[in-house]
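J.: Residue strings, one per chain:
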Amino acid sequence: MDIRYPNEGMPKLSPMRFGPWLLPLILLFLAFAATSSLFYQVDQDEEGVVQRFGKYVRTTTPGLHMKLPFGIEIVTNVPVKHVFNEEFGYRTLQPGVRTIYAGREASPAQGTMRMSREFQGGMDPYLEESLMLTGDLNIAVVEWIVQYLIKDPVQYAFNVRDSQETIRNMSEAVMRLVVGDHTINEVLTKGRVEIQHEAKKMLQDLLDDYNAGIEVRNVILQDVTPPNEVKASFNEVNQALQEKEKMINQARQEYNRVIPRAKGEAEQQILEAEGYAQERTNKAKGDAERFLLAWEEYRKAPLVTKKRLYLEMTAKLYPEIGEKIIIDESQKSLLPLWNLNPKKEGDQS
Amino acid sequence: MKQTGLAVFIIVFSLLGIVMMNSAYVVDQTEQAVITQFGEPMSGPVVEPGLHWKTPFIQIVHTFDKRILNWDGYPSEVTTLDKKLIWVDVAGRWRIEDPLRFLQAIQNERNAQSRLDAIMDGETRNVISRYNLVEVVRSTNTILEKKDKDQLDIDVVFDKIEVGRNTITREILNAARPTAKELGIELIDIRIKRINYIRDVLVTVYERMIAERKRAAEQLRSEGQGVRAEIEGQRQRDLKKITSEAYMKVQAVKGKADAEATRIYGEAYSKDPDFYAFVTTLEKYPQALQNSRAVLTTDNEFLKYLKRSE
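Chains as they are written, first to last, in numbering that gives the first Met the number 0: chain A, 0 to 348; chain B, 0 to 309.
Since the hints were made in silico from the structure, they are not lab data.
Just so you know, even glycine gets a beta-carbon here, dropped at the ideal spot from N, CA and C.
Watch out, some of these pointers could steer you wrong.
Some chain A residues flagged as far from chain B (calculated, every beta-carbon gap over 12 Å) [what the hints assert, rightly or not]:
| no. | residue |
| --- | --- |
| 1 | Phe-31 |
| 2 | Tyr-39 |
| 3 | Gln-146 |
| 4 | Asn-234 |
| 5 | Tyr-317 |
With a Cα cut of at most 27 Å, we get these calculated DSS-like pairs of lysine-lysine [what the hints assert, rightly or not]:
| no. | chain 1 | residue 1 | chain 2 | residue 2 |
| --- | --- | --- | --- | --- |
| 6 | A | Lys-284 | B | Lys-270 |
| 7 | A | Lys-315 | B | Lys-283 |
| 8 | A | Lys-323 | A | Lys-305 |
Could you build all of it, start to finish, from the sequences and the hints given here?
T.: Written out as structure tokens, the structure reads:
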């Protein structure tokens, strides 16, 4: 009977068998490892910071480069063109959408953000970031954003740990300091540009003091409002201001409606009076002229002219008179029998 | 015999490797190291980054961060000098200045954070309770120049500050520094990250703000009414002036014309008053006697020929 042993018939996997293959394989493996840790790539928007045994040795530009392999030299790629955004008082979840978190993740190890007890009691955490006191001890809700980029990758990599948290803490401190020197009305309206400018400058100075290698590009205020509890009364002030202006405008409008018209009417009346005056004097002159001319003629032949004038008048007059009764001059009186109904044929003599 | 040789070679090589590994250590650019031997510090802080050597196994390397580190404490509830109850959240920058001392006093960073919490909380309270709230909020007096420039800043009185926010934070820093130094910590910078009223006080503050706004609104409205009344008065005054002046002129013009006409008439008619009377009266008869009833005798100029021809 043949006893079959499990491995019988199969080639034994002993190192000795691989003898001729072992060394080349190891060498191949080493070569491969060496190659992959020999080369590294730096992207277009990055710079590479190279450390040899932990010590900084050089910075490299974008492209493919070589370094000492096997961890002797390490490269950290620093995104020097990327513009970072830090938001305060709100968070953009996705572009165009804004919601409120219920909580905030702690960043690892020592960089933990501590929440105040108020938040732990359930207040909106972003409100804590945005509520601040103004110089006149009022309260405003200020949302803002800080944009920055890495201007010196070496400083950025080696001088400050937790750059992001440092920037956040200092941004809050700076913004509150600046807002604390302005009135609430300035903060809400016309002081915004000044505040942004001051905050940016102060933040940059601080970061430069630490040699953080950061350039603050912008500090931009977003929504700046009074707290919800007092919003209504602030709106009331705005409304009152508008009302005031409206009242004044209406009064002015009324003035402009009435006065020019009155002036126009006055002008018209004066012109009419002048017209009347002209007419009057002209008529007088005309009448006088006519009289004088007639008088001239009259003087030449007074009796005849008088008679003529008289007869002309009667010719005009008699048709005008309605009812005429002609009696003899010697008739002394009339019978007092008036026809009470003038339409009937009269039978008076 | 070759095999044993190879094995020995590998073992020796590995042992050598392990020894080598334990006698070299790397200090990163961001780190500083302290070497201890049996718990005793051996050499001062090694701050030069790079590859260094030590006695293997016996000596231990403790590395610490060399960079600027963050500290952000829990907010403290503080009462200011003028009895305002506020939260103050202070944050700062620090560094391990003396890693040896740090190692002996605190051992690690997490301990450092809580030690700093304790120190800063105490000093913050100490300093801030000696000042009024406005001193903690403001840093300059520039706000005083702005009053009255805004018609909405009505009645607000701006106090002048003596000290200011920056001085106060510097005070806190200076007070805490020595204690921190003993722990090997350099406190670089302290800033007030947040100040806010306590929740209950907030309500009162809101009420004050609302009342102030209401007052401002009232004032604006009454100002508006005032100006409006003024303009209306002016309108009525100007209107009267215009109409009365116009009347005056009209009357003058008319009067002058009437006078002139009278003069012209008078001048002409007075040359022969009788003739004037005659002509005018004749003119008036037709109109005056229109549609009347007349009894005429034949004794008048016109009708006399009815009787006879001369």
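J.: Taking the hints in turn, state whether each one holds.
T.: Right, here's what the structure says about each hint:
1. Distance check for A/Phe-31 against chain B: the nearest CB is about 21 Å away, which clears 12 Å, and the non-interface claim stands.
2. A/Tyr-39, annotated as away from the interface, keeps every beta carbon of chain B farther than 12 Å; the closest lies near 18 Å.
3. For A/Gln-146, the requirement that its beta carbon stay farther than 12 Å from each beta carbon of chain B is met, with the minimum near 20 Å.
4. For A/Asn-234, the non-interface assignment is contradicted: its Cβ lies about 9 Å from the closest Cβ of chain B, within the 12 Å cut-off.
5. A/Tyr-317, annotated as away from the interface, has a beta carbon of chain B within 12 Å; the closest lies near 7 Å.
6. Between A/Lys-284 and B/Lys-270 the alpha-carbon distance is near 15 Å, which keeps this suggested pair within the 27 Å criterion.
7. Pair hint A/Lys-315 plus B/Lys-283 holds up; C-alpha atoms about 11 Å apart against a cutoff of 27 Å.
8. Between the alpha carbons of A/Lys-323 and A/Lys-305 the distance comes to roughly 24 Å, so the proposed pair stays at or under 27 Å and holds.
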